[in-house]
Amino acid sequence: MITMDFFSKNKNKVINAGVILLALIVALFLFNMQNQQLTTLEENKNEEIKKSEVIDNLIRVEKRINTYKQAFNRKDLGSVIDAMTDISKGTKVKIVSVKPGTEQKYPEYIKTSFLIVVRVESYHALGQFISKVENYKDLFIVEDVSISTPTSTQLNRSEEAGLDISLKISTIICI
Amino acid sequence: MNSLGIYFGTDSIGLAELNNKKLVNSVVISQGGLFSGNFEEKVPTDVKITALVKDALRTNHIDVNHGVICISGQDLIIRTFEIPKLPSNEMQSAINFEAKKYIPFKLEELAFSFQVEADNKTKLNTVLFVGIKKEILEKYISISRQLNIKINVIEYSAFSLLRFLKLCGAKEKGVIASLCFDLDNSDEINFMVSENGFPFFSRDIVLTTGINDLDTAAENDRMKKYDKLKNEIRVSQDYYRRKFPDKGIKTINVLSGKDMHEDLKSFFASSGISAKFIDSSKVLGKGVKYSSVIAKSFGAVLCKDLPLKVKINLFSSRVRSESVKNKEDILAFMEGVKVDFKVIALSLLICALTFGYGIYRTMPVREELNVIKDKRPKLDSISEADDSIVLAARDKNLKKKLANLDSLIKDQLYATYFLDIMPRVLPEGVWLTKFVSTRKEDGRPEVILEGEAYLGDSDKEFEAVSTLLGNLKANKFFTSNFKEITITSVDRKAVLDKSVAVFNIACRNFPEKKKNDNDGLLQQE
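Same order as they appear, the protein sequences are chains U and R. Under our numbering, the very last position in the first sequence is 175; numbers go up by exactly one each time. Under our numbering, the very last position in the second sequence is 700; numbers go up by exactly one each time.
One chain only, chain U, in its complex shape:
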């Protein structure tokens, strides 16, 4: 009863104090809410910074992969013959045959092989030819070199007869 009397007598003061208290509660609520918002914004900012870094990396990597894709394009038998003819010019190498070989698939690329038979005058000419193949503007990987020169030639120490060389040359196609 005493409490009720006190409230009744001071109800204006009580209500005004209540309004201020309510305002403080609202302000506290706003402050907390905005604090959370700020934390979320900071997190978003960090996330966006990370994202930007990753995107920069991605762009660089994609650019390099695209370069590979442009360099490692598909080569048909005709283009390989053209390349071999071009390479053999000015060397003492005669292209005997060019045949398509097997195709091997890897997760990042496809390796296509060509079986090439050449006749060279000497080991030196062979070395020159293979060097030119491996340094050609398009990528050719020399995987297999078989020298099918008769042993008698070696026994007689004669280079007159020339050397028959079978080559397995591969090209790469980037997926």
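Calculated directly from the structure, the hints in this document are not laboratory data. Watch out, some of these pointers could steer you wrong.
As the list claims (entries may be wrong) - Between beta-carbon pairs, the in silico distance windows are: (1) Q36/U <-> S655/R: 53 to 61 Å; (2) G18/U <-> E283/R: 22 to 30 Å; (3) D480/R <-> G18/U: 45 to 53 Å.
Stated by the list, open to error - Straight-line C-alpha distance at most 25 Å; calculated SDA-like pairs for lysine to any residue: (4) K94/U <-> A23/U; (5) K575/R <-> T591/R; (6) K9/U <-> V518/R; (7) K400/R <-> I316/R; (8) K50/U <-> K575/R; (9) K105/U <-> V80/U; (10) K89/U <-> V117/U; (11) K63/U <-> P552/R; (12) K75/U <-> Q587/R; (13) K99/U <-> R614/R; (14) K615/R <-> F29/U; (15) K585/R <-> A23/U; (16) K260/R <-> T225/R; (17) K197/R <-> G462/R; (18) K585/R <-> E103/U; (19) K111/U <-> K451/R; (20) K513/R <-> K50/U; (21) K517/R <-> A23/U; (22) K137/U <-> K50/U.
Positions of the beta carbon are idealized from the N, C-alpha and C atoms, including for glycine.
Take the given structure of chain U and dock chain R to it, following the hints.
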């Protein structure tokens, strides 16, 4: 589980214990002794009544924990009035306003309830208003508490009677009157008229009201009481006709002792009303003597099993009035309250400053965020929704792909290098017939060198093959690219009547990947 109906009548208290609509126990307690001076004057009435009821319950072995109370009309204010049709939100205040006209004291002193019956013909609402003084209601609730009986319903005894009549098979359709009396006790007589089950007129008649009356020989005479009853019925009929001229009573259900039936039949017939006498023994049981007190307490118990059209429960109204009182208290407290403008302004300022400070803090971060987003290069293959984890996973996959492609180029063992080295490492009389460069599935390179040796002496030829192996192992290019350089086979074959040694050397690597610095080696070579 058994239930108890308690009827607090004008002269007596009725107790009816029911189990599944069947009377198990019935007690009529006379209240006459309460006022005869046997009890101390200072003892409150409700305590005296509680003691009486407790005693009756104990004597009759009645053990129940819940029940229903019905109260005589003497304790209640029952009014019927009409109001125009109103929206439901305005109904309460309109009824409160209208009820004040019929009540001799303040509405705040009452616990009340009402039921509205709409009449589509007249477009008026008939309101049945039932109220009870709060202190009287509290008295009955206090009694139930002291008896340890949980009460959820407190109703007007005439409604309990309607339920009893319904159970006895009395019809409800049309304008039907009901009369209940018992000349063997001084309980109030109920005369009620209802239309299709909704009561709109009721009169409670008490023939003997005081102790003095009981003492006189004339009042004890049943016939005189009966004559008085007939007079009261006439008065009630006249009053009813004046009030409801267009709602003529065709039938009256009479619940009473059997001895007056013939006379009453002719009495009602003279007024053009067909009297139907209800056989209470069908419900109460053959051996139970009719008592209006028992009939009312019996009807009260059936409140859940046999609902009526009228659903006025004074116990619920008490709960409702408590909540209304609380609201009123709050409103009374708030009356005259003035909130200072400065306080409102200060409060708004506090909120605004807090909000502004928050904006001030978040603004730079928002701007930074926008700048980061704007500066970011656009990539068609990236969706805005992709987060850094998704992008990082994609980046990892692409990097792996790039690393494999890089390895394909950088780790390639060029045949040129071998062909460049071989003339220098081949000893006299040894030559190369086949060079195979392969790469294992895990990327490790493997080179197979096949060749022949002829020196005219098999020991010297084998020695030459060993020298070749030694030269290869001493070569920096071979040692840096291959961990294992071994002769896998040495054999002999005849060529042109000469025997030559045929050998096979394998250059392999262990699973650890090794960077092939081809350019540096080439320069060194």
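How the hints compare with the structure:
1. With their beta carbons about 60 Å apart, Q36/U and S655/R fall inside the hinted range of 53 to 61 Å.
2. Between G18/U and E283/R, the C-beta spacing of about 28 Å keeps the proposed range 22 to 30 Å intact.
3. Restraint check, D480/R to G18/U: a C-beta distance of roughly 51 Å satisfies the suggested window 45 to 53 Å.
4. Between K94/U and A23/U the alpha-carbon distance is near 97 Å, which puts this suggested pair outside the 25 Å criterion.
5. As the CA atoms of K575/R and T591/R are separated by approximately 29 Å, the hinted pair breaks the 25 Å bound.
6. Using a Cα cut-off of 25 Å, the hinted pair K9/U and V518/R holds, with the two alpha carbons roughly 19 Å apart.
7. A hinted pair counts as satisfied when its Cα atoms are at most 25 Å apart, and K400/R with I316/R does not qualify at roughly 34 Å.
8. For the given pair, K50/U sits about 20 Å from K575/R by alpha-carbon distance, which is consistent with the 25 Å threshold.
9. For the given pair, K105/U sits about 20 Å from V80/U by alpha-carbon distance, which is consistent with the 25 Å threshold.
10. A C-alpha spacing of about 16 Å is found between K89/U and V117/U, which places the hinted pair at or below 25 Å, so the restraint holds.
11. For the suggested pair K63/U and P552/R, the alpha carbons sit about 13 Å apart, so the restraint of at most 25 Å is met.
12. Our distance criterion of 25 Å between C-alpha atoms is met by K75/U and Q587/R, whose separation comes to about 20 Å.
13. The hinted pair formed by K99/U and R614/R meets the criterion: a straight-line CA distance of about 22 Å does not exceed 25 Å.
14. With a C-alpha separation of about 66 Å, the suggested pair K615/R and F29/U falls outside the 25 Å cut-off, and the hint is violated.
15. A threshold of 25 Å between alpha carbons decides the hint, and for K585/R with A23/U the separation of about 71 Å lies outside it, so the pair is violated.
16. Our distance criterion of 25 Å between C-alpha atoms is broken by K260/R and T225/R, whose separation comes to about 45 Å.
17. The straight-line distance between the Cα atoms of K197/R and G462/R is roughly 13 Å, inside the 25 Å bound, and the hint therefore holds.
18. Proposed proximity of K585/R and E103/U is supported: the alpha carbons are some 22 Å apart, at most 25 Å.
19. Restraint check for K111/U and K451/R: not satisfied, since their Cα atoms lie roughly 111 Å apart, outside the 25 Å limit.
20. Between the alpha carbons of K513/R and K50/U the distance comes to roughly 56 Å, so the proposed pair goes past 25 Å and is violated.
21. About 13 Å separates the Cα atoms of K517/R and A23/U, which keeps this hinted pair within 25 Å; it holds.
22. Between the alpha carbons of K137/U and K50/U the distance comes to roughly 39 Å, so the proposed pair goes past 25 Å and is violated.
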